[in-house]
Amino acid sequence: METFLNRYRNVTVLLLVIFAQLVLLAVQVKNDRDVRMIRVWTVSAVTPAARVIEWLRGGGIGFLRDYIFLRDTQETNRKLQAEVDKLKVENTFLRDELNTADRAKALALFQARTPSRTLAANVIGVGAGSNSKVVFVDRGSVAGVERGMAVLTPDGIVGKVIAAYPTASEVLLITDPDFAAGVISQKTMVRGTLKGQGTPMCKVDYVPSEEKLQVGDWFYTSGDDRVFPRGFPVGVVKIVRPGQPFQEVYVEPSGIQRGLEDVLIVIEGVHQVIPNEPPSAQPVYIAPPPAPPELQAAATPMPTAGTQADKLRAQYKAIGDAQNHKFGESGVGEKPVNFNLKPPPAAPGATQRPPTPAQPTTAPGSRPPTAVPQPVPATQRPPAPAQPAPAPASPPPPVTDDVAQRPHTE
Amino acid sequence: MNYSDSERILLSSQREGQVSRFRFWVMLAVPLAAILFQVYVPLFFQFLGFLEMPLLVVVYFALMRRSQIHGLMIGALVGLAQDSLSKNPLGMFGIVDTLVGYFAASVGVRFDVDNVILRLFLAFFFFVFHQFFYWVMTRALLEQPLTFEIQRTLILGLMNALVGIFLFHFLDKLRGSV
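Sequences listed follow chains R and X, in order.
Basically the working numbering = 1-based index in the first sequence + 214.
Basically the working numbering = 1-based index in the second sequence + 4.
Just so you know, the hints here were simulated from the structure itself, not pulled from any lab data.
Treat the hints loosely; a few may be bogus.
[What the hints assert, rightly or not] Calculated lysine to aspartate or glutamate pairs in the EDC-like style (CA-CA distance at most 16 Å, straight line):
id	chain 1	residue 1	chain 2	residue 2
1	R	Lys244	X	Glu147
2	X	Lys91	R	Asp246
3	X	Lys91	R	Asp392
4	R	Lys401	R	Glu360
5	R	Lys417	R	Glu466
6	R	Lys426	R	Glu475
7	X	Lys91	R	Asp248
8	R	Lys549	R	Asp535
9	X	Lys91	X	Glu153
10	R	Lys452	R	Glu462
11	R	Lys319	R	Asp438
12	R	Lys409	R	Glu475
[As the list claims (entries may be wrong)] From the structure, some residues in chain R lie toward chain X, with a derived Cβ separation under 10 Å:
id	residue
13	Val241
14	Arg472
15	Leu474
Every residue, glycine too, gets a C-beta built ideally from N, C-alpha and C.
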């Protein structure tokens with residue numbers, strides 16, 4: 215036996231390794247469970263290196279701009295040529311910077327506008343395999359990302375998180391054949407299921423043949439899938455073919471058309487109303503110009519009871535006022551304030567209410583249709599009705615995330 | 005027809021084959037860099053997405069080590085790492101790369117793998133083998149409708165083989181012989 219094993223040692227080891235991996239594969243497929251440990255090891259080994267490379271890339275561009283180009287300008291004998299070269303490269307660099315700034319601005323604007331709570335993330339890698347439609351982003355479970363969260367850009371949905379590791383997350387793109395999401399058309403409110411095809415186009419399944427759909431119609435998320443909140447753009451219809459019992463509808467996804475570099479992960483989704491106009495025709499919210507300094511000073515409210523300490527201070531002041539005592543002005547030996555007495559009730563009509571933060575003023579008529587949110591957490595209530603809701607008198611302040619507003623490092 | 009020593013591809017005995025040894029950091033860093041390349045570079049240069057660097061690295065190490073056990077082990081490890089970074093269950097790339105590593109090492113035992121033409125052919129062959137076997141496994145084990153485009157695979161195989169020649173040449177500089 216021993217001789218036999220020695221003689222066929224290589225084949226034996228090969229069969230053992232293959233068998234072990236087959237068992238591993240079978241366990242995963244049968245139980246529909248992942249062997250997370252190995253993935254965590256690999257992702258933890260690869261993503262820090264990817265981050266370092268990304269950092270070096272950003273630093274390298276800065277170095278090129280600050281050192282090499284600057285030195286070129288000092289070469290007076292070839293000044294003109296150097297100037298042209300420098301401007302060319304600089305132009306490319308600035309275009310890149312402008313794109314980055316535009317993207318960051320669009321993200322920030324979108325974040326402020328959407329009622330959903332989102333987290334900005336950078337794409338740091340793509341999934342292994344030449345047919346892969348998976349990307350890795352630099353935010354993981356430490357930052358609050360969980361499996362199943364929606365990923366989008368201001369232009370539309372991008373995909374969903376299929377695995378969250380401590381420092382990174384894996385995102386299944388909208389074009390992957392395993393991807394599916396509930397969608398609804400903007401004009402006719404036709405519902406369907408968006409499916410990736412492994413190609414740049416996605417298919418919308420289960421659209422009955424009697425429904426009217428045209429090329430150029432927009433699809434939005436319907437919220438039925440409990441992953442994507444209602445009202446986010448999905449894409450524009452490119453092909454409609456009749457069929458029985460369902461039409462063949464192909465959509466060009468809008469979220470990934472400009473490439474993927476910065477994305478938003480929806481930490482807490484809120485359903486929105488589907489706007490009446492396609493995303494490209496929607497007006498952009500522009501904040502009013504700042505008031506003159508003197509008006510700003512007059513309009514700035516006093517910092518009142520915002521924190522627990524402020525509330526206590528107001529309470530003690532009321533007790534002191536009731537006993538004709540002014541704090542800080544009493545002499546030595548005077549009767550101290552009795553804090554056991556309750557403060558007098560407020561005068562009728564002068565209701566005590568916590569001060570609200572100043573509402574941002576909005577340019578008249580410049581509020582986009584998408585900025586009329588229905589603050590319904592996606593995970594708690596069914597999707598909002600399709601009819602556009604009337605605009606509230608004062609829209610709720612946008613939910614922002616301080617983590618998401620970090621400066622862009624490029 | 006007489007062949008000179010430099011033109012000979014088939015080794016007359018296993019002793020002729022010189023086993024290449026690599027430092028530990030090379031064995032660790034090169035596969036990691038190949039995986040990193042596959043994950044990171046296509047993000048900025050999409051046209052480089054066709055490159056199967058981890059596969060080329062497995063083929064190279066298996067060929068040069070001339071040990072079937074070493075070949076299959078490095079294939080399994082690199083394959084599992086690739087699986088970890090994909091959405092598929094662990095083991096798909098693992099099994100394919102294990103087989104590639106084993107067969108590449110088997111070839112390395114019998115042939116003079118320093119020959120450029122042979123390297124080109126082997127890199128091409130193992131790319132096609134890898135893609136085909138992966139397709140078979142995806143359909144058979146996962147029942148996923150993956151398509152196998154023979155023309156595209158052959159072209160990509162050729163391009164990978166050409167890149168493999170330069171990669172192997174670079175990696176030759178990192179090896180030490182015993």
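Results of checking the hints against the structure:
Distance check on the hinted pair: Lys244 of chain R and Glu147 of chain X sit about 13 Å apart at the alpha-carbon level, within 16 Å; holds. A C-alpha spacing of about 13 Å is found between Lys91 of chain X and Asp246 of chain R, which places the hinted pair at or below 16 Å, so the restraint holds. Taking the CA atoms of Lys91 of chain X and Asp392 of chain R, the gap is about 10 Å. The hint holds against a cut of 16 Å. A distance of roughly 33 Å separates the Cα atoms of Lys401 of chain R and Glu360 of chain R; the hinted pair therefore is violated under the 16 Å criterion.
For the proposed pair Lys417 of chain R and Glu466 of chain R, the alpha carbon gap of about 9 Å is at most 16 Å, so the pair holds. At most 16 Å may separate the alpha-carbon atoms for a hinted pair to count; Lys426 of chain R and Glu475 of chain R exceed this at roughly 36 Å. The hinted pair formed by Lys91 of chain X and Asp248 of chain R meets the criterion: a straight-line CA distance of about 10 Å does not exceed 16 Å. Between Lys549 of chain R and Asp535 of chain R, the direct Cα distance comes to roughly 14 Å. Compliance with the 16 Å bound is thereby established for this hinted pair.
Taking the CA atoms of Lys91 of chain X and Glu153 of chain X, the gap is about 21 Å. The hint is violated against a cut of 16 Å. Taking the CA atoms of Lys452 of chain R and Glu462 of chain R, the gap is about 11 Å. The hint holds against a cut of 16 Å. Proposed proximity of Lys319 of chain R and Asp438 of chain R is contradicted: the alpha carbons are some 30 Å apart, above 16 Å. A hinted pair counts as satisfied when its Cα atoms are at most 16 Å apart, and Lys409 of chain R with Glu475 of chain R does not qualify at roughly 23 Å.
With a least beta-carbon distance of about 9 Å to chain X, the hint placing Val241 of chain R at the interface is held under the 10 Å criterion. Annotation: interface hint on Arg472 of chain R violated; nearest CB of chain X at approximately 14 Å, more than 10 Å. This hint holds: Leu474 of chain R has a C-beta 8 Å from the nearest C-beta of chain X, less than the 10 Å allowed.
In the structure shown, a violation is registered for the earlier hints numbered 4, 6, 9, 11, 12, 14, in ascending order.
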